[in-house]
Amino acid sequence: MPDAVTGAPTVGAGAALRATMTAGFRLDVVSALFAPDNPTLSYAWGPARRLLVVRDDVAGERSELLVEYLRAARRRGDLDDFHCIDADAAAGEPRAAGVGACGYVVEAAVKAQLGRRDAVVAFGGERTGRVVAVAAASFRRHTAAMRIHGDLAAVLSCLRDGLSASLHEEGITAMARRTHVLVDEDGLLARPAEPAALLLLALLDARLRDRLVRADVTGCQADALAAVLRLCRRFHTGHPAWRIGEAWLPLAPTTLTGAERRAWSLLTAARVASRLGRLPAPVVSALDGVARRLGLHRATTVVDAPTARRWAANAAPGDGPVAVMLPSTDGGGASVTLARDTLARLLSDRVDDCGTPGPSTPGAPDGGSTPDEVSTPGGTAVAQTPRRGVRPVLGTRLRVDVSANFPVRFTDDVLTPHTDALTDLLPERCQLLAVVDPYAPDQVDRVQRLLSGFRDRGHLARFTVLPVVATEHTKNLTQVATVLRVAEGLGLGPDDRLLVIGGGTLMDSVGYAAYLYRGDTPYIRVPTTLVGMIDAGVGLKVGVNLNGHKNLIGAYHPPLACLRDVAFLRTLAPAELRCGLAEVIKIAVVCDADLFALVERHHADVLAARDTPQVREILDRATRAMLHQLAANPWEEDLRRLPDFGHEFGHALESMSGYRLRHGEAVAIGMALSSYLAFLIGYLDHDDLDRLLVLLRRSGLALWSPVCDPAALWRRLHGEVVPHKAGALHLVVPRRIGVGDFIDSIDEISADLVAEACTALAVRAQEPAR
28 MPDAVTGAPT
38 VGAGAALRAT
48 MTAGFRLDVV
58 SALFAPDNPT
68 LSYAWGPARR
78 LLVVRDDVAG
88 ERSELLVEYL
98 RAARRRGDLD
108 DFHCIDADAA
118 AGEPRAAGVG
128 ACGYVVEAAV
138 KAQLGRRDAV
148 VAFGGERTGR
158 VVAVAAASFR
168 RHTAAMRIHG
178 DLAAVLSCLR
188 DGLSASLHEE
198 GITAMARRTH
208 VLVDEDGLLA
218 RPAEPAALLL
228 LALLDARLRD
238 RLVRADVTGC
248 QADALAAVLR
258 LCRRFHTGHP
268 AWRIGEAWLP
278 LAPTTLTGAE
288 RRAWSLLTAA
298 RVASRLGRLP
308 APVVSALDGV
318 ARRLGLHRAT
328 TVVDAPTARR
338 WAANAAPGDG
348 PVAVMLPSTD
358 GGGASVTLAR
368 DTLARLLSDR
378 VDDCGTPGPS
388 TPGAPDGGST
398 PDEVSTPGGT
408 AVAQTPRRGV
418 RPVLGTRLRV
428 DVSANFPVRF
438 TDDVLTPHTD
448 ALTDLLPERC
458 QLLAVVDPYA
468 PDQVDRVQRL
478 LSGFRDRGHL
488 ARFTVLPVVA
498 TEHTKNLTQV
508 ATVLRVAEGL
518 GLGPDDRLLV
528 IGGGTLMDSV
538 GYAAYLYRGD
548 TPYIRVPTTL
558 VGMIDAGVGL
568 KVGVNLNGHK
578 NLIGAYHPPL
588 ACLRDVAFLR
598 TLAPAELRCG
608 LAEVIKIAVV
618 CDADLFALVE
628 RHHADVLAAR
638 DTPQVREILD
648 RATRAMLHQL
658 AANPWEEDLR
668 RLPDFGHEFG
678 HALESMSGYR
688 LRHGEAVAIG
698 MALSSYLAFL
708 IGYLDHDDLD
718 RLLVLLRRSG
728 LALWSPVCDP
738 AALWRRLHGE
748 VVPHKAGALH
758 LVVPRRIGVG
768 DFIDSIDEIS
778 ADLVAEACTA
788 LAVRAQEPAR
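With my numbering applied, the sequence shown has no gaps in its numbers, which climb one by one up to 797 at the end.
Fair warning: there could be bad hints in the mix.
[Stated by the list, open to error] Think about it this way: if two alpha-carbon atoms lie no more than 20 angstroms apart in a straight line, the pair counts; the simulated SDA-like pairs of lysine to any residue are:
id, residue 1, residue 2
1, Lys138, Met683
2, Lys138, Ser682
3, Lys138, Asn574
4, Lys138, Glu747
[As the list claims (entries may be wrong)] Have a look at the derived ranges for each label pair, beta carbon to beta carbon:
id, residue 1, residue 2, range
5, Arg103, Val329, 55 to 61 angstroms
6, Val790, Asp621, 43 to 49 angstroms
7, His745, Asp714, 43 to 49 angstroms
8, Pro333, Thr443, 45 to 51 angstroms
9, Ala753, Arg270, 32 to 38 angstroms
10, Ser772, Ala635, 40 to 46 angstroms
11, Arg270, Arg489, 28 to 34 angstroms
Note that these hints are calculated values from the structure, not bench results.
Idealized CB from N, CA, C, for every residue including glycine.
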């Protein structure tokens, strides 16, 4: 057993959190990928024992080769099991779009009994790959994902997305900690190359462009793959060059097909670049010719002037210039800022009306002389010349600094119209979407008056208030989709803000929506419950329930700030105050003996919602203890977490009760159960166990509930807690008040011990409180 974990920060410590996450991207081109003696796939799924395979029509008959490979792996004992689902099975159903498509994958992962160390495999087109990447990033807040692609468009989409998978139509983006892409070379070479993908490669790679101009465009798959290899030497994953043309998609004529729209966007970007002197005119002519040879005749259409003016006027919020990504003479891409009237003219003018283009320069370099290894921001990209067998094309480790240094501060009268509590958090003239729990009759009106004051003082250009009733039953993907839909309709961007005013339940779902929404709109928490002020409001975890499973889908997403107004406590029902106090007791038992003693003396003041120095000290110490734990393990890469105390049983009891038990009530019973087990196996002495049980009873919290079915709880430990913690139990227990430890293996306890603990607590619950 490892040493017990202890230590809370002093009250004077800074309430800040700094977190850094390392994310990795790897892309391999593999021939004979599904050959029985090729170990590439088994290396790729790593420690996983169960796989969920999501396939679509793009994979076609080659998906059967993958199935046979996995069957052989199962026979060898390399896998325990695998399950396959059709990505198009929900086609035509509302849930097949956006977060619903991700929910469909997560539901299948639950049915396949995937644990935290297992993996999801996408095999098919770019849409399937992106949905799986987003779903895997959210399932249990991170599950490994592997993408297998045998078509050029999907390969380019992986390079374009890099570490963040995006569902562009729904405005959804998710960061993947590890992205592993396997290119099925045999499948790609046998499949006609997608014309729009070829056109992008021709824009970036002069050698391929010359080949497509001079030779038959059919049978060019090998040349296109060689171009990808060359470009990988020059551009790291996520480089802007891979995204050239995307900004122009909304302007594409609606009469065009999907492939024609993408091609039109690329050609439009090239024309605008040429008219600015950034791209030689012969290159644009060559691209026009390639588009026609690829059958993209309609993609050469020039937009009319009125349409160009309308698009330029709405290309970005505000009235200022617009930044667009354009190809450049070096074969890459760069952001260019243009006035809106200039942009409209460049889009609609004929080439001979735009003046003489800039000096003619040689075509873009083909990258053939680039060394095999080049430095990239944050990592190294490695490319190799094509040869048979397994060859890593791009292997890059990027250090991603995720800002989690946010203030957690007391703010009096936060909803007063003339307050300046939000001033330093709002960019000038930004948009704001406020999601508000209308638990009090006048809550929405108070928020309206608050934000009207900020608008009148020039801090906000406009705002929208969205009332959302938050319960454990409504904390689901439907609620997330509602927030996403409103945010998308408002066109929120990185200089705008989301504001959530409510309890932990609402902050969880809105925080997850903020994580998914394009990945770039900061959000502010204003907790209105005690749980929110000392737990949900100060942590990184966000998420929602799915099919009775608590917080099964979510992420780690820090807010911009957490503003706590103790006055909200006076609006809470006694049951809500008890639930919040349970979370205070939780962190005190395993982290801070002095806080526990403080709660023993002043729990009545907390339950009466008194704003006293002792109550503020309790809130402050609980918050700092929580932040201290988060700072050491912000992304839960170590699954042994002291703040999970009481939650292993607590989450099970919540769902077993149909959420009739409130979260804090269930956690209190979970603490009692875990502590009694610690007493039974000799970890905790009777005096400290008694102190905890007495404090819970004095705080009005139950030690036992009729839903405490020992057999059901034992099954939950095996079926939910152990898979969620990668095959271990890691049950948090106290060694003594203020010092936490873990029961790491489920073999250290038994169903009989769980039953004994339940029986003893049921008896104790009937005794008079002391």
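Starting from the hint list further up, note which numbers the structure goes against and sort them upward.
-> Violated: hints 6 and 7.
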